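**Q** Those protein sequence lines, which keep their order, are chains H and R.
Throughout the first sequence, residue numbering follows my numbering, covering 322 to 910 in sequence.
Throughout the second sequence, residue numbering follows my numbering, covering 2 to 165 in sequence.
Accuracy of the hints is not assured; some may be wrong.
Pulled a few chain R residues facing chain H out of the computed Cβ check, cut under 7 angstroms [said to hold, decoys possible]: (1) M19; (2) G21; (3) A89; (4) G112; (5) G144; (6) Y150.
To give an idea of the interface, some chain H residues facing chain R are shown, with a C-beta separation under 7 angstroms as derived from the structure [said to hold, decoys possible]: (7) S331; (8) A335; (9) G339; (10) R512; (11) E545; (12) M585; (13) A587; (14) E601; (15) G669; (16) R772; (17) F773; (18) C888; (19) P893; (20) F894.
Here chain H is said to cover these stretches of chain R; the calculated rule only asks that three of the stretch's residues, wherever they fall, bring their Cβ under 8 angstroms from a Cβ of chain H [claimed, not checked]: (21) 23–36; (22) 41–53; (23) 62–72; (24) 99–105; (25) 122–132.
These are calculated hints, taken from the structure and not from any lab test.
Source: prediction; values computed, not measured.
Using N, Cα and C, we set each Cβ at its ideal position, and we do this for glycine too.
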Amino acid sequence: MIKLAVGQGSCGLAAGAGEVYDALEQLASGAYKVCITGCIGLCFLEPLVDVYEDGVLLRRMVRVKEKHAPTIAAAVRERNFDALDRFTISEEDSAVLTGQTRIALRGCGVLDPTDIDSYLSSGGYGCIRAALSAGTPQRIIDEVKISGLAGRGGAGFPTWRKWQTVHDTQSDVKYIVCNADEGDPGAFMDRAILESNPHGVIEGMLLAAYAVGAAELRVYIRAEYPLALARIRNAVKQAKARGFLGDNCFGTGHGFHMQVCAGMGAFVCGEETALIAALEGRRGVPRSKPPYPAEAGYRGRPTCINNVETLANIPWIMEHGGAAFAAIGTEESKGTKVFALAGQVLRGGLVEVPMGTALRQIIFGLGGGTRTKAPFKAVQLGGPSGGYLPEALLDTPVGYKALAETGAIMGSGGMVVMDQSTCLVEMARFFLQFISRESCGKCAPCRIGTRFAYDILSRIVEGQAQEHDIERLEQTAAVIRDGALCGLGQTALNPVLTILRYFRPELEAHVSQKHCPSGQCAALRTYYIVPKLCRNCGLCLKSCPVNCILRVPGHKFTIDQDICIKCDACIPFCPFDAIVAAQGGESHE
Amino acid sequence: MSEGNQDSVDLSLLDGIMDGYDADRDNLISILWSTQNLYGYLPESALLRIARFTGFPPAAVMGVSSFYTQFRMTPVGKYLILLCKGTACHVSGVGAVEAALRAYLELPQDGTTEDGLFTLEGVACIGCCCLAPAMMINGKTYGHLTPGYAVGILRELRAKEEAK
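Kindly generate the complete structure, drawing on both the sequences and the hints.
**A** This is the structure we're talking about:
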């Protein structure tokens, strides 16, 4: 039997996978079966359709459109697979997959996330069954200890140590919480894992729960991910129906109860104590530690909070042994890590590579470098609390310690690639705006400090920089780092600090010359039409979304500076290159 | 908040939601979420009713609802535009898209158009970074936006409404 698996993650659906699925199903008439699969991570090639026969992958088709369905359906019906050549993935793009070591992502894009039997047929729930019948919870913790697995949410705390603390703390009720409040803009691995292999995460949570002696499990997932929320809810329902969750799990007498809670949108809730406050129905505000959640967390009970990717690794570790996991990676960072490649990168998506892989291999080897004509400038690692690294540091191997030494962080694994057209100062302003808005307001260093830094960066990119603004930024960074209550504030100025370390001339040019070297800062730029070159053809009028190009009979076209939003839309439309964007100090004539 | 009710909403619908929950603090966020799904926003009168039901001071209910970005205190338009302001979208030029959308909708900041057709809202990240810049309109995602393309989508929606 031939099976067509249509990749239906959020990215795939946005690219039209839903329409492709419907069209293929309508034309099937028994010749093949159409099913859903998750996201394999090749977001730049969506929508993807895989052709399987008896479980063997015959073809992987990319960028499939609804209008291609009749061609595909006919080819499959006639078993004329050569007719699918034009859709088939290129060897170069295929290498992005073969160049990875997939552990956390292993089921993604292969299993049907809406069907528990798909997970079961891949050996799913086998580890938790084996663990329950072996009856030695401590052995799970020992195995995770051997694996060297560390928290993938950003902090990199050894997973086993958290588990051991919860295990050793006496309490009648204990909790396991899966932190799926993936708030870092630019990171989407947790979303993809939950959308593509929700049962894998549930099994990881069950193993954690059994290991530490917890019966209550919670998934805290942000409501901005409606599909992931629906898939995990569906998976929990299926697992309950099979008796994998409930009072008597797998018929062993062990009770495991799972609830899915939707997070209402607050970046700070990625912080453990803030997440607990949110679960308890309060404002998501962090508190000082200790006591750590592992001792007194949700409802004052020992609570083990693990990130989605961390939990997705657990079933693999139990199946293959901790030593197999520890054999991958480096001395200081074991195993693999999923990175989300985005920004101005050619092949954006999710890649999972062994720790120790050089940044260059990820960005250029797998990602293919920049997709624009402009050369690479920097990579922003670890979300708003991370930093920018220049080309010269791309040989740094990924690992918690190695990246921290550069001033950036591993974070949750977001990698936003920027080319020479991106202004890093403007980017830093963007991050500080985000952080100052997301600051919960509990502690003054973060509440006031992030806003203060944002104001400084705003006036710098608007051409209003004052003398000593750079020194003010440095002082603010030191105060927040030492004074803020939680990680959100402490790391808030990392983007600025890495600019000062690696891209100082760019910041100084904004401050002292009111000049943006990348040309991105709109306030330091003016658009005008060179009268000598303009032929009044009118093409630019249509391209302007705000109608700011003035047409006065008998005169050449001009741009109304009060209305122009400096969007760049008109420039490529002018056949005579008459529209010019000039830097602040340059002449308009 | 005052008991004086300016919201023209049917509070009896709220009872159906309350019946599904114990008056437990843990449930407050779920109750608020269900309430918002019912009315499209959180009417002040509904918040007062929730405070009475759960036994929390109105200030505590207001405090929670104003803390989280998903909760809204004002009604939304027929089309809710969630414009992604994540890092990848920012790098890929969402700023120009936003400026064009605002100019078209005549909204100096996030909010709802006078005719009640569109609500524009910036969101942190919708996790579709490879489609950047991206926006979601009533649950449907649009990617690889340019200022012209984005405004074109709204023009089409408006034309569709006017044709009705």
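**Q** So, for every hint listed, does it hold in this structure?
**A** Taking the hints in turn, this is what the structure says about them:
A distance limit of 7 angstroms between C-beta atoms decides the matter here; for M19/R the minimum to chain H is near 15 angstroms, and the interface restraint is violated. Because the smallest distance between the Cβ of G21/R and any Cβ of chain H comes to about 14 angstroms, over 7 angstroms, the interface hint for this residue is violated. The criterion of a C-beta within 7 angstroms of any C-beta in chain H is met by A89/R, whose closest approach is roughly 4 angstroms, and the hint holds. For the restraint placing G112/R at the interface with chain H, the shortest Cβ-Cβ distance is roughly 17 angstroms, beyond the 7 angstroms limit, so the hint is violated.
The criterion of a C-beta within 7 angstroms of any C-beta in chain H is met by G144/R, whose closest approach is roughly 5 angstroms, and the hint holds. Look at Y150/R: its Cβ only gets to about 9 angstroms from chain H, farther than 7 angstroms, so that hint breaks. The beta carbon of S331/H comes within 6 angstroms of a beta carbon in chain R, closer than 7 angstroms, and the hint placing it at the interface holds. At a threshold of 7 angstroms, the smallest CB-CB gap from A335/H to chain R is about 4 angstroms, leaving the interface hint in force.
Checking G339/H against chain R: minimum C-beta separation of about 10 angstroms lies over 7 angstroms; hint violated. Annotation: interface hint on R512/H holds; nearest CB of chain R at approximately 4 angstroms, less than 7 angstroms. Interface restraint check: E545/H against chain R, minimum CB-CB distance 6 angstroms, threshold 7 angstroms, status holds. With a least beta-carbon distance of about 3 angstroms to chain R, the hint placing M585/H at the interface is held under the 7 angstroms criterion.
Hint on A587/H holds. Least Cβ distance to chain R is approximately 5 angstroms, under the 7 angstroms limit. Interface hint status for E601/H: upheld, as the beta-carbon distance to the closest one in chain R is roughly 6 angstroms, under 7 angstroms. Evaluation of the G669/H hint against chain R yields a held restraint, the C-beta minimum of about 4 angstroms falling below 7 angstroms. Annotation: R772/H was flagged as interfacial toward chain R, and the flag is violated, the nearest CB pair being 17 angstroms apart, outside 7 angstroms.
Checking F773/H against chain R by beta carbon gives a least distance of about 21 angstroms; that is not within 7 angstroms, so the hint is violated. The closest approach between the C-beta of C888/H and any C-beta of chain R is roughly 4 angstroms, which is under the 7 angstroms cut-off, so the hint is satisfied. Hint status for P893/H relative to chain R: violated, with the closest Cβ pair at about 10 angstroms, above 7 angstroms. Restraint check, F894/H versus chain R: the minimum CB separation of about 10 angstroms is more than 7 angstroms; hint violated.
Only when three residues or more bring their CB closer than 8 angstroms to a CB of chain H does the claim for the stretch 23–36 of chain R stand; here the count is 9, and the claim holds. For a cut-off of 8 angstroms, the count of residues in the stretch 41–53 of chain R with a CB near a CB of chain H stands at 0, and the three-residue condition is violated. Only residues whose beta carbon comes within less than 8 angstroms of a beta carbon in chain H count, and the stretch 62–72 of chain R has 7; three or more means the coverage holds. For the stretch 99–105 of chain R, the proposed coverage by chain H is satisfied: 4 residues have a C-beta within less than 8 angstroms of a C-beta in that chain, meeting the threshold of three.
Counting residues of the stretch 122–132 of chain R whose C-beta sits closer than 8 angstroms to any C-beta of chain H gives 9, which meets the bar of three, so the coverage hint holds.
The structure does not agree with the numbered hints 1, 2, 4, 6, 9, 16, 17, 19, 20 and 22 stated previously, though it agrees with the rest.
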